[in-house]
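For this one, chain G is given, so just place chain D on it according to the hints.
Protein chains in written order, with our numbering: chain G, 1 to 491; chain D, 1001 to 1116.
None of these hints come from the bench; they were simulated from the model. Keep in mind that this is a model prediction, so the values were computed, not measured. Some hints could be false.
[As the list claims (entries may be wrong)] Quick list of in silico lysine to any residue cross-link-like pairs, SDA-like style, CA-CA up to 25 Å: (1) G/Lys153 - D/Ile1097; (2) G/Lys25 - G/Leu11; (3) G/Lys153 - D/Thr1103; (4) G/Lys153 - D/Ile1095; (5) D/Lys1030 - D/Met1016; (6) G/Lys153 - D/Gln1112; (7) G/Lys439 - G/Ile297; (8) G/Lys155 - D/Thr1087; (9) G/Lys155 - D/Ile1104; (10) G/Lys153 - G/Met167; (11) D/Lys1030 - G/Val216; (12) G/Lys153 - D/Thr1085; (13) D/Lys1051 - G/Asp203; (14) G/Lys107 - G/Leu357; (15) G/Lys155 - D/Ala1115; (16) G/Lys155 - G/Val166; (17) G/Lys155 - D/Leu1091; (18) G/Lys153 - G/Pro451; (19) G/Lys153 - D/Asp1107; (20) G/Lys153 - D/Ala1092; (21) G/Lys25 - G/Gly358; (22) D/Lys1051 - G/Leu208; (23) G/Lys107 - G/Leu27; (24) G/Lys153 - D/Glu1099; (25) D/Lys1030 - D/Met1044; (26) D/Lys1051 - D/Glu1062; (27) G/Lys153 - G/Glu449; (28) G/Lys204 - D/Tyr1008; (29) G/Lys155 - G/Val295; (30) G/Lys153 - D/Arg1096; (31) G/Lys107 - G/Gln30; (32) G/Lys153 - D/Ala1115; (33) G/Lys204 - G/Val216; (34) G/Lys204 - D/Met1044; (35) G/Lys155 - D/His1110; (36) G/Lys155 - G/Gln299; (37) G/Lys279 - G/Leu410.
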Amino acid sequence: MSQLPVFQILLPLLAAPLSVILRRKTLVWQLATGVAWASLIIAWNLLQEVQANGPIAYHIGGWAPPFGIEYRIDILNAFVLLIVTGIAAVVFPYARRSVEAEIPAEKHHLFYAALLLCLTGLLGIVITGDAFNVFVFLEVASLSTYSLISLGKDKRSLTSAFQYLVMGTMGGTSILIGIGLMYAVTGSLNMEDLAIRMAAMEDKRTLLVAFTFFCVGISLKLAVFPLHQWLPNAYTYAPSTVTAFVAATFTKVSFYVLLRVIFTLFGADLAFLDLHFDKVLLVLGLLGVFTGSLVAIYQENIKRMLAYSSVAQIGYMIIGISFYSVNGLTGGIVHLFNHALMKGGLFMVMGCILLRLGSVQLSDMRGLGRRMPLTMAAFVVGGLSLIGVPLTVGFVSKWYLILAALENNLWPVALLMLVSSLLAVMYIWRVIEVAYFQKPDDDAPELREAPTSMLVTTWIMVGATVVFGVFTEQTAGVARQAAAFLLGVSP
Amino acid sequence: MSIGLFNYWIVIFLMMSGLYVVISRGNLVKKIVGLNIFQVSVFMLYISMGKVRGGTAPIVGEGTEIYTHPLPSVLILTAIVVGVTTTALGLALIIRIQEAYGTIEEDEIHAQDDAA
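In isolation and in its complexed conformation, chain D is listed as follows:
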């Protein structure tokens, strides 16, 4: 295993952990946490592929010859905004679920729905 793929192994590890948390946890806030980990892994995937070894920030100036590819970072800036919005909306929904059901545990919510 070459060190060059180290980032990608981290990406895969985070992605799978995030997915596992979303599926396995019944607490809605934990689901959002899992979703965030899942999204962050993809941000890392993009940033890693734009990185050039020894490169600096992509700003034109004296002595900058090798620089990191800026486009993936810019794309991910947009994706981060999407991620933040999703988290905000998810948390807002959780607050309203708490108000309506008095709980944020998935199984208790299902039990209330079935009883209704």
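With the rest of the complex left out, here is chain G:
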């Protein structure tokens, strides 16, 4: 049996304490970057193998499930692994200059250690086939994220990290209750085994309670409206690298867990027929899309504006689940990928601006289009993608979502999604107007472009939104396979 699945977790897990020992900041950064690239290669190989030979089951230590812990990789989590490692492979090289500017030098090795632990946690959540393991990795990822956020320069980063810690722990503990109740009625923790045993149960009352706790917990981590209060502050005050990495990965991984819980563990019948959870998701999704976008329009701090826009984008993803069709889920899953790219890219642009301008307030960005042309051009491309202009990835996901809405005869929903895109036009346009059509203050200092390492990585991320928007076969194709797999139909 190939040992690749376990190395996906082991590499970043071992690199984290190693970087605490090494202490030398350049060396630690090289280690972290190397690990991120190696993880990406592993994830790529895993996806190829899954596509060729079907799901991989890896038994940790040779203990057979349901007693041992099993890593189970199918088309869905192979895809999510690829996204998370891909983002890490681009953000970690970017981190160097940005971290030098924002974090005190004596904390660099600890910063990278926490970043690697966060990566470990996120990959662990995705790869594992054991319900309790999900909780453990979720807490590994969460705890390292809290400490990463608290490293921001502004003192408000401390309070936002604390707020996130309280809400995140509530969410984590809810998930723990859900797992406990499932275990109490089935006596198993292996997801495959759980799914079979729970499907066979006559009395579903405990399962409904377990499902509810699960969903509340994950919704907290995913920042589904109205459980999103921790998100804007956390994203605004965290160091730029952390915002770019966490915004692009954490909510996506939480979305993956939600998909798993609904479709693999409890089954769509229980979620959608007994509990009508699809209607809850549809309403919360639409509310999230509109409140997120409307609040974003009024933000002066552009990092905060993008954070509220994330709340809106998460809304689109859960609307995708609520349609309960291949097209809807394809839209949700492909948006998971696309949103990771565009939000990662946009927050990386913010990091570049913060480095050179020292601020991400809209009022300071006057004439920035001429002062930092390449950086602002990246913002424009990422922004167009967020709106969903054709030839960008945003268009692909909205296309599938609207297609699914029309299939279900929910044309008001389709209409609302189009209207909400106009709101995105409004908040992106505000930035473009200030940056390109207003003159800088006369006493504004000369600005240089962002350092090459940051600019190149930002453009790789933003460029990817266009590449995958034109060549949609790769991402939408895999997302479609994953959606069909979840629904148990042929693609």
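Structure of chain D alone, referenced to chain G:
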């Protein structure tokens, strides 16, 4: 109400008290205390469901026939570690908040942020 559910009533009582403390108290240390009560209630939930009446500790030896289900206890050992880490991190953040703001009362922190 059967005595068999007694533990679970305690669990629910603790869970709700913890939740109430987290929401209602403005002092950050009290919030952490509330969070701990909330987590401990879940530990009790797990331990209670593993308990077998009349069972001993799950150690193989002479005369042990009925024993408590060990797995929930093992799981909770992990969850306790997570709980301790969360508390430690929360308290560390509180120390830094105290250094930065000079207070750990939520409303005073908000007032300072609004003034800034």
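These are the hints, each one checked on the structure:
no., hint, result
1, G/Lys153 - D/Ile1097, "holds (13 Å)"
2, G/Lys25 - G/Leu11, "holds (19 Å)"
3, G/Lys153 - D/Thr1103, "holds (19 Å)"
4, G/Lys153 - D/Ile1095, "holds (16 Å)"
5, D/Lys1030 - D/Met1016, "holds (15 Å)"
6, G/Lys153 - D/Gln1112, "holds (17 Å)"
7, G/Lys439 - G/Ile297, "holds (22 Å)"
8, G/Lys155 - D/Thr1087, "holds (20 Å)"
9, G/Lys155 - D/Ile1104, "holds (13 Å)"
10, G/Lys153 - G/Met167, "holds (22 Å)"
11, D/Lys1030 - G/Val216, "holds (24 Å)"
12, G/Lys153 - D/Thr1085, "holds (24 Å)"
13, D/Lys1051 - G/Asp203, "holds (23 Å)"
14, G/Lys107 - G/Leu357, "holds (24 Å)"
15, G/Lys155 - D/Ala1115, "holds (14 Å)"
16, G/Lys155 - G/Val166, "holds (18 Å)"
17, G/Lys155 - D/Leu1091, "holds (16 Å)"
18, G/Lys153 - G/Pro451, "holds (20 Å)"
19, G/Lys153 - D/Asp1107, "holds (22 Å)"
20, G/Lys153 - D/Ala1092, "holds (17 Å)"
21, G/Lys25 - G/Gly358, "holds (23 Å)"
22, D/Lys1051 - G/Leu208, "holds (24 Å)"
23, G/Lys107 - G/Leu27, "holds (14 Å)"
24, G/Lys153 - D/Glu1099, "holds (14 Å)"
25, D/Lys1030 - D/Met1044, "holds (21 Å)"
26, D/Lys1051 - D/Glu1062, "holds (20 Å)"
27, G/Lys153 - G/Glu449, "holds (22 Å)"
28, G/Lys204 - D/Tyr1008, "holds (19 Å)"
29, G/Lys155 - G/Val295, "holds (23 Å)"
30, G/Lys153 - D/Arg1096, "holds (13 Å)"
31, G/Lys107 - G/Gln30, "holds (16 Å)"
32, G/Lys153 - D/Ala1115, "holds (18 Å)"
33, G/Lys204 - G/Val216, "holds (18 Å)"
34, G/Lys204 - D/Met1044, "holds (23 Å)"
35, G/Lys155 - D/His1110, "holds (12 Å)"
36, G/Lys155 - G/Gln299, "holds (20 Å)"
37, G/Lys279 - G/Leu410, "holds (12 Å)"
Consistency with the previously given hints is maintained throughout, with no hint failing.
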